[in-house]
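Engineer: Produce the entire structure from the sequences given, and follow the hints as far as they go.
In order, the protein sequence lines correspond to chains A, B and C. Heads up: take any position in the first sequence, counting from 1, add 18, and you land on the working numbering. Heads up: take any position in the second sequence, counting from 1, add 227, and you land on the working numbering. Heads up: take any position in the third sequence, counting from 1, add 68, and you land on the working numbering.
Note that these hints are calculated values from the structure, not bench results. These figures come from a predicted structure and were not determined experimentally. Yeah, the Cβ is synthetic: ideal placement off N, Cα and C, and Gly gets one too. Some clues are possibly wrong.
[As the list claims (entries may be wrong)] Listed next, the in silico DSS-like pairs over lysine-lysine satisfying Cα-Cα at most 30 Å (straight line):
no. : chain 1 : residue 1 : chain 2 : residue 2
1   : C       : 171       : A       : 326
2   : C       : 103       : C       : 171
3   : C       : 312       : A       : 326
4   : C       : 107       : C       : 355
5   : A       : 326       : C       : 105
6   : C       : 103       : A       : 58
7   : A       : 326       : C       : 301
8   : C       : 171       : A       : 58
[What the hints assert, rightly or not] Part of the chain A face toward chain B, derived, beta carbon under 8 Å:
no. : residue
9   : 23
10  : 39
11  : 42
12  : 43
13  : 44
14  : 51
15  : 62
16  : 64
17  : 73
18  : 84
19  : 104
20  : 263
21  : 448
22  : 451
[Said to hold, decoys possible] Each pair of labels, with its calculated beta carbon distance range:
no. : chain 1 : residue 1 : chain 2 : residue 2 : range
23  : A       : 452       : C       : 305       : 11 to 21 Å
24  : A       : 330       : B       : 338       : 35 to 45 Å
25  : B       : 386       : C       : 298       : 51 to 61 Å
26  : A       : 57        : C       : 322       : 29 to 39 Å
27  : B       : 324       : A       : 452       : 37 to 47 Å
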Amino acid sequence: MSESALGGVLVGLMFVLFAAGVEVSIALGVVGMLGLLWLKGFTIGLGVVGSIAWSNASSFSFIAVPLFVFMSGILLHSGIGKGLYTAVARWVSFLPGGLAVASIFSCAIFAAISGSSVATAATIGLIAIPEMERRGYARRLIFGSLAAGGTLGILIPPSIPMIIYGVMTETSIGHLYAAGIVPGVVLALLFAGFVVGYAVLWPDAAPRVAEDRGGLLDKLRSIYEVAPVALLIVVVLGSMYAGIVTPTEAAALGSLASLLLAAAFRRLTWRTLRDAFQATIRTTSMVMLIIIFASIFSHVIALIGAPKALFGLVTGLGLPRWAFFAALFAVLLVIAYALEELSVMIIILPILFPLVTGLGFEPVWFGIIMVLWLEIGLITPPVGLNLFVIQNLMPGTTARDVTLGTTPYVVLMVALVALLFVFPELALWLPRHTAPR
Amino acid sequence: MIGRAAGVASLLAGFATLAIVLLISWDVIMRSFFDRPQLFVDEVASFLEVLVIFGGAASTFRAGGHVRVDLITGLLPRSARASLRVVTLTLAVAFLTVVIWVTTQSALTAFRYGRVSAVMLYPLWAPMLVIPAGLALMAFTMLAALVWQVRTALGPRAARDEVAQQSDA
Amino acid sequence: PPPAGAQPRPVVWNLPTVAAPSYFHTVNYNALAAKVKEKSGGRMEIRIHPASSLYPSAELLPAVLDGRTELGTVLASYLTDVLLEIGPLELPFMTGSVGEHKKAALQLRPFYSERFARRGLRLLSIHAWPSQQIFSTVPIRSVADWKGKKIRVYGADSANIARLLGAAPVNINFGEVYSALEKRTVDGAMTSATNAEPMKFFEVAKYLDYWYLAGAAMEWLVANQKAWDALPKDLQHIVLDAMKETNLEEKEWQDASDADERARKRLPELGMTVVDPPKEEIEKARKIAQGAWDIWLQRTGADGKRALELALKALGR
Ligand code: NA
Ligand code: NA
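Structural biologist: Next comes the structure, spelled out in structure tokens:
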């Protein structure tokens, strides 16, 4: 069997295993392991599994995930998070689909603290889902707004994938951060616009609840309820931008602040702590097992030299600039549907980056394109980490809800990619004008 | 029994999270206010992270937290679904057994080489062993589910279906 | 059996490296791979995996030791355990330039070969990364200036030297160094001067202090001996000849030296201030740094003692 045939067989087998209902992480691990066995045999081939498991599990870049989920778990189970949502609901009640819009903007704001989309989706979702469910929002609207809103976590700085991209390609991480801000805000607005339009067309999907209406007095009173959590966000965000803490440390500080807050309100019980533990562990363990076992498969893809062959094919077509980019992104889009992208990005970047910059594309701009691609991957089935995170928080969600709920957002992201191709300044203006001199 | 063990492991994982929070906060406070950064914190925190991930693996399975795609299986007749789950659980247990074997080897190799962490020179084999330990617990949990599933698949026709996880939550 | 006239499958070897795709190491390794392919008529292919895409940096040495990758690059900066004794030249203030490092390193070749052989590795070639310096937000001109500074370090040795000089070592991921300097979370960071331009460190740290913590950082190109022995004799020769024809080792050192000089010339143009501490201050630091040497000697035992003697002899001290 040739190497490319092996790649094809493994991807096919992966889909069979998914369809058979094997745990996603295990399905990925099984095909990765079969690839290793085929290429290198048992003794040599499988040694890499230990290496991958250890280096991913002990990687400092992933620590923020459990910490943020823990923070959110404390806020939720101590009841402090509920106050926040009651208040927000009052203020956005005039807007069709108000709570879903609020979820998206909450994600955008939280994205300024968190460098991870999974953490963003889990943190906001943990608190927002019960509130939206309680008010009778359609599952697909809840699902889409949180899964997609969560992806903003890696576009709005800080961003773990931008760090990885920057280090791997020697691109300024500061410039990448600055370049993500405008597209991040644009994307958040696009998402919100979609939600409002959807709620106008299908009002039943986002019912307005009497308890959320209320006069100015109620609204003003609700500010008081928001105050603790708002303070928490200001403290964490402030300490990060003041340089007191790094983004990873901000996650720990946020958790500490939520513990102190819960204690101050006399709501820090053993039960609160235990429930927060459980939320943390479930998300972290599920997500990390997928990342680890998917990395095994990506390692196989690297060993068989698939990326070089694939992208060589696209380059070989001799297309004009725009068509080349369209073809390239189409290939990436297919990958986004099939695989877990972060580990794939690490494999393909060394081949893709020289190719793309060699054709005159700007490294910082391409970094933003890569991040948008990762975002798409996070919400495209069958392997989309944000889908899994929200699915875990909303048991009983059907595949139909997932697909219909998230596809519009995928379309919006692809549209943004096209927009960035036509107007690269959307990303590049800010880093050019704000970079410290 | 296995449920108890999974519960203890997940509790350890929970306290590991809390420990990371406290350690990193301690480092931040010591560095910002006393100019005394605590160099050991980063590496200890990353070891604890391994415990969060793998200590929680078994209880996450029990809670049905390791996601699966149910698009196709949902369409199958219930008895077929019961048999298919026997196959997929067997595959999972077999796969985990191999992973447990290789990650144990990996930890033993680290012990033989005397591998240590980059800055504090902590020996790596001990935290590395957390990986196969956590996965072994997960494999046992899945094995228990498999036994239960086999019984159901061979039992009265009317009761045949996929066995729901025994969540202790 | 393959049909008549069909090409047999080529021998594929993998070479993972830490260097970025456009960095000189990767360029040189690509040239080597192309030469091997050409000379073998396509019978052998070396796949280069830059930017730690196949193995994270710390996992690279175990991978080649286990034979999971046929070729590997062993970086001095990641020698935390296995083969620690081959790093005497990397001790702080041991050398003061790429040139000095090279002179000593090439003399130590038999020693390196012997140590690698004991671990089942075959030394192919000795290379270097540019010198290690300090980026800082305030100038660090004297030993006194180190006192109380929060300095980002990247390993046990750099942590020791920072501590000995009175600074507070901080462990920060390389990817977060830019932000940490920008926001003054740390006062300085130890890393290669050549990072200033591509990573845009010049925007956030105005000073580059040329303390020459290490005149260069070494990288050894090695093959797993078992993989090497399994390679047909003629392909072994082709690999060795390709290394000679691409002038790999010489080019690597030249590139490291050029990169260092280029960075130094370029920094003022980027608005950075180059700080050259007075000789006597560096001498003072070198004396203090003996503490770090002692720690290293303790960890490496008799092997380290011998290595240090050889290194000092090669440096003519
Ligand atoms: Na972010
Ligand atoms: Na996907």
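Engineer: What hints, given by number in increasing order, does this structure fail?
Structural biologist: Checked against the structure, the hints that fail are numbers 1, 4, 8, 9, 15, 17, 19, 21, 22, 23, 27, while the rest are satisfied.
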